[in-house]
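Visitor: Listed below, chain by chain, are the residues.
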Amino acid sequence: MIFSTSIFLFAFLPLFILIYSIVDKSLKNYVILIASLIFYAWGAPKFIFILLASCVINFFVVRRITADLTPLKKKLYLIASIAINLGLLFYFKYANFFIDTVNSLLSFGGGSEITWTRIALPIGISFFTFQSLTYSLDVYRGVHAPLKKLSDYVLYIISFPQLIAGPIVRFNSIADQIINREEKYQDKLVGFYRFALGLSKKVMIANVMGEQADLIFNSDLSSISSATAWIGTLAYTFQIYFDFSGYSDMAIGLGKMMGFKFPENFDSPYTSKSISEFWRRWHITLGAFMRDYLYIPLGGNRVKSSFRLYFNLWIVFLLSGLWHGASWNFVLWGAFHGAFLILDRLFLLKILNKIGKIPSMLFTFFIVMIGWVLFRVEDFSSISVFIKKLFAFDFNSVVKTQPMFYSVLVFAFIFSFFVALPKGKQVCNFIFNKDVYSFKWHIYLTIFACLAVYICASFIMSSDFNPFIYFRF
Amino acid sequence: MKNKYKFLYFIVCLVLCLPFLQSVFPFIKEKALKGSIVKTTKLPLKGNWLNSKYQNTSEKYFEENLGLRSYFIRSYNQFYFTLYNQPKANQVVVGRDNYLYEENYIKAYLGLDFIGEEKIIEKVVKLKAIQDTLASKNIHLAVLFAPGKASFYPNYIPETYPQKKDSTNLQSYIDACNKYNVNYINLNKWFVEMKDTSPYVLFPKCGVHWSQYGEVLVVDSLTNYINSIDGHYCGNIIIDTIKVSTKMKGTDQDAEDGMNLLFNISDLEMPYPEFHIEHSDEHSDVVTFVSDSYYWGIFNYGISRDLFNKGKFWYYNQQIYPDHFTTESLVQNLPSITSEIEKNNTIFLLSTDANLYKFAYGWIDLVYNAYFDKNQELLDKYIAEYILAIKNTPDWYAAMEKSSVEKNISLEQTIYDNAKYMAEIKMAELN
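Protein sequences appear in the order of chains A and B.
Sequential numbering of the first sequence, starting at 405, is according to this note's numbering.
Sequential numbering of the second sequence, starting at 333, is according to this note's numbering.
Because the hints were derived from the structure by calculation, they are not lab data.
You may find that some hints are simply not true.
FRET-style restraints, in silico, Cβ to Cβ [unchecked claim]:
#1 A:Phe822 / B:Lys361: 36 to 44 Å
#2 A:Ile461 / B:Tyr393: 58 to 66 Å
#3 A:Phe822 / B:Asn335: 33 to 41 Å
#4 A:Leu702 / B:Thr492: 52 to 60 Å
#5 A:Phe770 / B:Lys496: 42 to 50 Å
#6 A:Ser555 / B:Lys361: 43 to 51 Å
#7 A:Leu509 / B:Glu454: 55 to 63 Å
This structure is a prediction, so every number in the text was calculated from the model and none was measured.
All C-beta atoms in this analysis are idealised placements derived from N, C-alpha and C, irrespective of residue type, glycine included.
Bound-form chain A, shown alone:
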């Protein structure tokens, strides 16, 4: 089940809100748990049992970490927990990729390929695995005590707002809220506004951009013009941002409706003035996870040599790339960003600071766009063809676009960059950082949010409805 469907908006969500609102406080977590189980089982019926089994095993393994054991045994339990989580992730997400790579090498060397039945990927595995790891590591490090109830732990892992696409909610940031949280109707309303905003971003901008991007990237790339290639790149750049940030907004909003405060995941990343800044604004929770659980344990900024520092940075970004998808182009994308992070530390940041805000923003946006080409196009030969097309400067042909594309593109630009202006920053703070509104504003925002949901619903329902006038013979 996904948020931008009729069944979620007009069946699952209202039913959940109603039941959640009327049950006693002691039962609310169970309501979330049952709803989340139904949510996940609906979309991934085969994997729910694997997910539950891994939750149960992990819960009891991690509980042993806080038992009266020697440090070595505690460490062994931690290793076991990490092995279970990463093992599952590796098997379901990377086994196909690993076998394909081995087979490519074997066939290159003249050997016979390994026969292998391809494994299906459980949805959300990358996110709930990382959440599970934060639980194990935070408990091991003594940052927070483990949860007492298995049901609370399962709730933490599979809570439906952030299960499928994040944000990655670290255990210590949410642990107390699971046990005891204050719920105010003002917060629930604010949560609904945030949900409506996210839905609008996804349906009205991301989907339109995505339709155009797919048209171009799924065509014969060798025959497109430079103009078409740039339109495709722009389209995908905005598709991925509004899709991902929209989904995060919906997750944060739904969490707020339940009394949870999830961390922010995006902070106008396209206004970044360097790649370093970009990674402080894009998928913030992933960046924080990688920093705290990978980069710092590798030594962080405290390593002795610059070479070691840059190497660590690059490894973190290679793995970040691989986390996004089991394919070499994602690794290349990670390496691309890692390289620019190193360049920032070497000399690029100084240059960008000197040239001024707008040129550095444009330069960073340009680099990010090129990165998205590596992210979108899976095979290397097609990447090469597409990049060449971008810089062939062949702008003679007219680009065929979907009717809504240009008008939505204007809005995409505005919403991506207006925050760079002082007035834009004010509006952004009003929407994202303000928790308390006057009742008058609540009325306006409620009307606006309800309208937005209904407009999105009309987009959603119309996307599949394209009848012939008469039956065809």
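With chain A held as given, fit chain B onto it using these hints.
Guide: Leaving out everything else, chain B in the frame of chain A:
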């Protein structure tokens, strides 16, 4: 103070519940969506859960039956049409001044769907053979080339379409019919010639079929035609009155209906004639039409029943009306195509130019084969009967197995060869 926020939150819940409540307790009257759509059937949970088929069909079924859906879709379609001048209906094209077309008609007019002279001549030659055979049985066969929306209103076709090509299916068919003396009436040319002088509109702005007035003119023309043929007669259609209205009836805004908008596109004043049929005591021709949707309007007036002596309407040479209204009645299930055809006095093959690329929907080959490959048809039938007999007779089957081994050919081939031999003997005895 807390209560007012609670109340507001309750309003939010109510708003989210409204569509579902509407589907259960319809409190607003909804205008049904138009157009041909295959509705989703919900699958049972058992056996369809793990493969996600139950979930996928349930989601579609839920959405298709959700209350207020028509408003959601019409709102989006209206927005899309108003801002971008694009219809959300398959094949519908918005021309200048919001004249609506189906794209097939534009392609036909411009010659973009031309199938080639060779194919057309092949069909017309067969048609001539059928025409002559039927004429020997005093059955009149003729082709009716109905006008198409784009042929009638070429000036409203959007500029984005290419120039008209030299060859079109319509012109090639007319040339071939002239060359091989196949009977036809060029209603397309007639309508275009009448356009500026006709007192009433012959084609609507937002529909893809001819107007009701146009239909009545065609019927009148056909009765004159039939009555002019020796040995043939049907009654006459008399127009009593013609009412004009900007409130569209019938198919006069079928294209617009398919777009499912919130607001009506401004229409022309359309004529709606009232008429009656007059007969003499003479035996009226049984007239059957093999036609596309252009005959529906005429059929629905009761013309086939009242004027053409209960003649049939073979819709796209597939469904046979009016029989198909009550029980499944398909051309492919007819026990004898020739017997069915010979029940008629006149047969018309009607097609608008947009459907000429598939004219006459398989009827020509079906009837040609029935009349001219009769022997082959009979031989095939006998072969099939003998194959079955061999397989059902143990001794005979065993002999075939032995023969197959001795001759080193497949058992199926051996059976076929023997069945064919027996069938040929039988045919020879019959002849």
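Visitor: Now look at each hint and say whether the structure bears it out.
Guide: Now the hints, each set against the structure:
Restraint check, Phe822 (chain A) to Lys361 (chain B): a C-beta distance of roughly 43 Å satisfies the suggested window 36 to 44 Å. At roughly 38 Å, the beta carbons of Ile461 (chain A) and Tyr393 (chain B) sit outside the given window of 58 to 66 Å. Here the CB-CB span from Phe822 (chain A) to Asn335 (chain B) is close to 37 Å, well matched to the stated 33 to 41 Å. Checked against the hint of 52 to 60 Å, the C-beta distance between Leu702 (chain A) and Thr492 (chain B) comes to roughly 59 Å, which is consistent with it.
Look at Phe770 (chain A) against Lys496 (chain B): about 47 Å separates their beta carbons, and that is inside 42 to 50 Å. The hinted window of 43 to 51 Å between Ser555 (chain A) and Lys361 (chain B) holds, with their beta carbons roughly 47 Å apart. One distance hint, 55 to 63 Å for the beta-carbon pair Leu509 (chain A) and Glu454 (chain B), holds here, with the actual separation near 58 Å.
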